[in-house]
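Q: Residues per chain, in single letters:
Number of protein chains: 2
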Amino acid sequence: MATACKDCPLRKKPLFKQMDGREVEHMQNFKVGELRIEAGATLLMEGSNSPQLFTALRGMGLRYKLLESGERQVVNFVFPGDFIGLQAAVLGEMTHSVEASTSMTLCVFDRKALFDFFKAYPERAYVVTWLACVEEHFLGEALLSVGQRTAVEALAWALVRLHQRGEALGLTRNGEMNLPYRQQDLADALGLSLVHTNKSLAKLREKRLATWRNGRLELHDIAGLRNLAKMGDEPVTERPLM
Amino acid sequence: MATACKDCPLRKKPLFKQMDGREVEHMQNFKVGELRIEAGATLLMEGSNSPQLFTALRGMGLRYKLLESGERQVVNFVFPGDFIGLQAAVLGEMTHSVEASTSMTLCVFDRKALFDFFKAYPERAYVVTWLACVEEHFLGEALLSVGQRTAVEALAWALVRLHQRGEALGLTRNGEMNLPYRQQDLADALGLSLVHTNKSLAKLREKRLATWRNGRLELHDIAGLRNLAKMGDEPVTERPLM
DNA sequence: CGATGATTTGACGAGCCTCAAGGTACGTGG
DNA sequence: CCACGTACCTTGAGGCTCGTCAAATCATCG
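First to last, the protein sequences are chains H and F.
Counting with my numbering, you get residues 346 to 587 for the letters of the first sequence.
Counting with my numbering, you get residues 346 to 587 for the letters of the second sequence.
Misleading hints may appear alongside valid ones.
[Unchecked claim] Below, in silico cross-link-like pairs of lysine-lysine (BS3-like), each with a Cα-Cα straight-line distance of 27 angstroms or less: (1) F:575 with F:548; (2) H:464 with H:575; (3) F:351 with F:464; (4) H:376 with F:464; (5) F:464 with F:362; (6) F:464 with H:351; (7) F:457 with F:351; (8) F:575 with F:552; (9) F:548 with H:464; (10) H:351 with H:464; (11) H:362 with H:351; (12) H:464 with F:544; (13) F:464 with H:457; (14) F:548 with F:457; (15) H:362 with F:351; (16) H:351 with H:457; (17) H:362 with F:552; (18) H:362 with H:376; (19) F:376 with F:351; (20) F:544 with F:575; (21) H:358 with H:376; (22) F:376 with H:464; (23) H:575 with H:544; (24) F:376 with F:362; (25) H:552 with H:457; (26) F:357 with F:376; (27) H:464 with F:464; (28) F:575 with F:457; (29) F:351 with F:362; (30) H:575 with H:552; (31) F:575 with H:457; (32) H:464 with F:362; (33) H:351 with H:376.
[Unchecked claim] Sample of chain H residues with no beta-carbon within 12 angstroms of chain F, all distances over it, derived: (34) 351; (35) 356; (36) 397; (37) 409; (38) 463; (39) 487; (40) 488.
Calculated from the structure, these hints are not laboratory results.
Just so you know, these numbers come straight off a predicted model, no measurement behind them.
C-beta atoms are modelled at their ideal positions from N, C-alpha and C, and glycine is treated no differently.
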């Protein structure tokens with residue numbers, strides 16, 4: 346049974362901007378159902394033109410692109426609240442694939458209704474644009490990491506960011522959280538080899554900065570990590586939810 | 346004297362989707378003026394909250410991010426038709442800086458009017474989202490290049506893409522175009538050192554694939570470059586103009 | 001308890017970076 | 001007109017980071 350938008354558990358988290366009753370109703374009009382997929386399943390394929398849009402409600406996933414020769418670049422990690430499939434809706438096809446790392450449940454919207462949605466609810470149209478900008482922002486930061494940081498620095502950056510996202514969603518306890526990815530996923534996100542990623546993670550452990558094993562991430566010294574990664578401190582800000 | 350939107354020379358280029366008279370009028374309502382800046386000038390600073398939005402009308406520029414330690418990551422190249430400053434308008438601050446590589450003229454819009462614009466002209470709101478998606482698409486591709494391609498491959502990719510953009514704007518003649526950037530700019534875009542960029546460009550020349558000197562780019566073998574870069578062939582498609 | 005997939009470690013080499021010096025084009029002032 | 005400065009491009013030498021190859025360990029699961 347699909348949960349009604351008014352009962353959406355995600356919306357109440359402090360990370361997300363409050364919606365008034367009308368907005369919730371607008372979302373309810375747009376929503377066509379819920380989808381549950383298993384870990385490992387592919388939700389969207391690069392190049393595909395899916396008839397549906399999604400918002401991740403529960404679970405985590407990956408966005409990635411492939412080179413013809415098989416190399417994979419992870420372009421982002423999917424967390425609850427992420428909006429998925431906008432590119433297919435607007436540009437006509439997905440520019441990356443999306444797959445589930447854990448089992449996930451997603452809110453489903455009808456892609457064909459998007460333009461009518463824009464006409465009917467401009468404040469929601471603004472939200473869609475907002476989310477596209479957030480994605481753009483993250484990709485720029487990732488590019489900065491891959492292009493300019495060393496392996497250890499890039500890993501420090503990635504772990505801090507992932508933890509930050511988890512924390513904003515209330516997924517952490519005493520600096521710990523579940524991080525259900527493989528080292529290969531991080532490696533592909535940062536343009537590193539698996540082996541070098543593994544050795545760099547070991548360095549972070551030796552320096553007592555962060556530990557990540559058995560799917561559990563623990564940051565021992567966030568300030569140290571941020572410093573190592575030469576990150577400025579932009580606090581997590583409220584963002585809207587679709 | 347600011348040119349009127351109805352006389353906009355950019356809009357007529359085949360790259361851009363046709364607008365009907367009403368849409369042109371909507372843009373005219375939104376436009377507040379024109380700006381001309383010199384080569385080397387900074388248009389927007391990362392972290393700034395500019396009161397203005399821009400569309401590049403003429404000239405070329407760079408979008409980049411800086412690390413505290415001084416490393417620069419070029420996140421994109423600015424060509425005529427690019428929409429600039431959306432992040433500041435929506436997220437509250439720019440997530441990258443923008444500077445002019447040549448002298449530029451830009452169309453100026455009022456950031457505060459953006460939301461009203463969304464309400465009044467949903468088809469234009471849709472266009473803004475479209476452009477944000479295009480940017481996201483490009484950043485994903487850049488990430489793929491920096492993360493997974495070798496230096497020569499990444500350069501091949503970059504030169505093909507830049508040439509493609511030039512061609513779509515009618516800036517090329519027999520595979521040649523002006524490319525008013527420094528090698529350092531390409532290096533910072535691809536996460537390479539200047540020296541290695543220079544040597545890799547030499548290799549592309551030796552292989553008779555591409556020559557870029559004195560601000561002039563010449564692609565001798567586009568298929569060869571695409572092949573080297575392992576690029577699929579997505580054709581350039583029409584896109585809207587703001 | 002074997003099979004499969006993920007993590008870990010070691011050895012070695014390659015790609016890319018840094019340092020350094022020289023070259024070219026172009027503008028400026030004596 | 002030439003000396004000089006500046007900005008950018010080019011080339012060489014040497015070293016470090018990171019990738020590849022290989023194998024061992026570990027965890028999970030049927």
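Q: Could you tell me which of the numbered hints above are not met by this structure, giving the numbers in increasing order?
A: Result: hints 2, 9, 12, 14, 15, 17, 25, 28, 31, 37, 38, 39, 40 break, sorted rising.
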